[in-house]
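Residues per chain, in single letters:
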Amino acid sequence: MATFSVTRPKKSRTLTAVMALYLLYTLVPLAWLVINATKTQAALFSTSGLSFGGPFALFDNIGQTFTYNNGIFFRWLGNTLLYVVVGAGGATILATAAGYGLAKYRFPGRRAVFAVVLGAVAVPATALAVPTFLMFSKLGLTNTPLAIIIPSLISPFGLYLIWVYAADAIPDELLEAARIDGAGEFRIFLTVTLRQLVPGIVTVALFTMVQTWNNYFLPLIMLSEPKWYPLTVGLNQWSAQANGAGAQPIFNLVLTGSLLTIIPLVLAFLLMQRFWQSGLSAGSVKQ
Amino acid sequence: MTSTAAPPVAAPARPAPPARRRRRNWRGWLFVAPFMLVFALTFIAPVVYAFVLSLFRDQAFFGGTVFVGADNYAQVLADPKFWESFQRVLVFLAVQVPIMLLLALVAALAIDSARLHAAGFFRIVIFLPYAVPAVVAALMWGFIYGDHFGLAADLNHLLGTDAVKPLSQNWLLTSIGNVVTWEFVGYNMLIFYSALKVIPKELFEAAAIDGAGTFRTIFSVKLPAIRGAVVIATIFSIIGSFQLFNEPNIMRNLVPNVIGTFYTPNMYAYNLSFAGQQYNYSATVAIVMGVITAVIAYVVQLRGTRKGM
Chain A
1 MATFSVTRPK KSRTLTAVMA LYLLYTLVPL AWLVINATKT QAALFSTSGL
51 SFGGPFALFD NIGQTFTYNN GIFFRWLGNT LLYVVVGAGG ATILATAAGY
101 GLAKYRFPGR RAVFAVVLGA VAVPATALAV PTFLMFSKLG LTNTPLAIII
151 PSLISPFGLY LIWVYAADAI PDELLEAARI DGAGEFRIFL TVTLRQLVPG
201 IVTVALFTMV QTWNNYFLPL IMLSEPKWYP LTVGLNQWSA QANGAGAQPI
251 FNLVLTGSLL TIIPLVLAFL LMQRFWQSGL SAGSVKQ
Chain B
288 MTSTAAPPVA APARPAPPAR RRRRNWRGWL FVAPFMLVFA LTFIAPVVYA
338 FVLSLFRDQA FFGGTVFVGA DNYAQVLADP KFWESFQRVL VFLAVQVPIM
388 LLLALVAALA IDSARLHAAG FFRIVIFLPY AVPAVVAALM WGFIYGDHFG
438 LAADLNHLLG TDAVKPLSQN WLLTSIGNVV TWEFVGYNML IFYSALKVIP
488 KELFEAAAID GAGTFRTIFS VKLPAIRGAV VIATIFSIIG SFQLFNEPNI
538 MRNLVPNVIG TFYTPNMYAY NLSFAGQQYN YSATVAIVMG VITAVIAYVV
588 QLRGTRKGM
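Listed in order, the protein sequences are those of chains A and B. To convert, note that position 69 of the first sequence is 69 in this note's numbering; the numbers rise steadily by one, no gaps. Plus 287 on top of the position in the second sequence (first one is 1) and you've got this note's numbering.
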């Protein structure tokens, strides 16, 4: 075996080639989606999957996606944004405050809080979904945006990440100094803490955003009227339209809609990758 | 709500460093209380409510519900539909999870090795499928599997056969496994990668001085150091497998006669309550699955953290 330096090993072409194969597996389905979103419904059936064919209909498809059924897709996009901004945004705020509280204060019941929250991570969504639905139904919340927003407000992972992050990123001395200067606890949080926690907060915000944007099970259960659907449930309804009596397949719109659903998240991850990746690493174990 | 999409955590809990002069008082609750209030409403109350539901049974003809104690539980444990669906996710778990985690581990080690060209590009692209909603992933792969305008059709056409049938009874579980693997390898890779990145460099120098090569370093230094991350990823994957719902439920549109109403326990619970109005029984199925999942996750954690520590 060739010798190499530990700190500056030689780049390996073999390794890169093997990994490129895996990259292909990752990218081919996405490439398939992009290619087929440019086809008309007729061309979808008459041309091969991984090659362009028929008239270039991407912009036509996008136009149709947004206007089909009185622009319901636009409404779904708006709903998704609402759920993400209020739900994931709220989740980030709650997790940040609670994670910081757990990391930097000793208070009665602190251990109990942690045990209960971590234990809850292991509770499967199903065990919660049905009773949550029945409870919300009694409270008159089903089929309203609140049925999606309220459960989205809790992110045990977010709490955990901020907790570990704050323990490292905020020295106790800093808090003590602020207290000596006469700042109240809430003011310290707003003026000192938040700034130190930015990479952690961005990471939590991105991941709760993905969860809410991609959520399917919860809205499927809670919502019965299409006007409140997020994109995920709406897309599946379009897909289901191809079955049964009086079927009206709109495969071209399902594909274009799918593509449009992915793009914002992919962009968010790409644009903010430095932030969230450093936030994640800081949350990792250190020996 | 927790789901397979629960984001990465790279290490088990680690207590905050003890503060010298941190007084024990109630101020911390100021920050924790809002979270706990919503948590009580969305986690604790439903669990309690589910348990209460599981103790009653609907009287279809007389209206109202009666207390039946553990009857619903006895019924679940003797329910062949439940066990069939349970067995299916167990097979899924035993095959898909090791493949996915192994791929993720290899990818993380390769990217971390500094021997890969364009490592940053690999990292972000392999992670990307995680940003794709399960609905879109299942729709997309479902079409690709299909013989109308999918790649399966192209392949059959090319080979002049009709042997490639990812949506057939025999292949469906494998096909779903492929979708889930595609979605989550990158996510797990990132958990492992984050853990690898914080291994102290001195360990590698020490290993090199002792004459350890690449593979020796991986097996003797890197893998033991990220054990915590591996345990966490395994637990999340087990929970995810037992919860399997989105992918089969969406692909059901394509092959309604292959994927039934109790393909997975989660689908069974869902269909019991939303198609069958059997809320009490559905809650019981959900609780039984919850308990099984929690027990297995707990055992994995115990075994995972005990060894070699």
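Hints should not be assumed to be uniformly reliable.
Distance condition first, Cα-Cα at most 30 Å in a straight line; then the derived BS3-like pairs of lysine-lysine [said to hold, decoys possible]:
id	chain 1	residue 1	chain 2	residue 2
1	B	484	A	11
2	A	138	A	227
3	A	11	B	488
4	A	10	B	452
5	B	484	A	10
6	B	368	B	484
To be clear, the hints were calculated from the coordinates, so they are not data collected in a lab.
Each hint, compared with the structure:
1. B/484 - A/11: Roughly 18 Å between the alpha carbons, so the hint for residue 484 of chain B and residue 11 of chain A holds.
2. A/138 - A/227: Given that 30 Å is the threshold and the Cα spacing comes to 21 Å, the pair holds.
3. A/11 - B/488: Measuring from Cα to Cα gives roughly 19 Å; hence the hint holds.
4. A/10 - B/452: Answer violated: residue 10 of chain A to residue 452 of chain B is near 43 Å, above 30 Å.
5. B/484 - A/10: 19 Å, holds
6. B/368 - B/484: Between residue 368 of chain B and residue 484 of chain B the Cα gap is close to 46 Å, so the pair fails against 30 Å, i.e. violated.
Hint violations for this structure: numbers 4, 6, all remaining hints satisfied.
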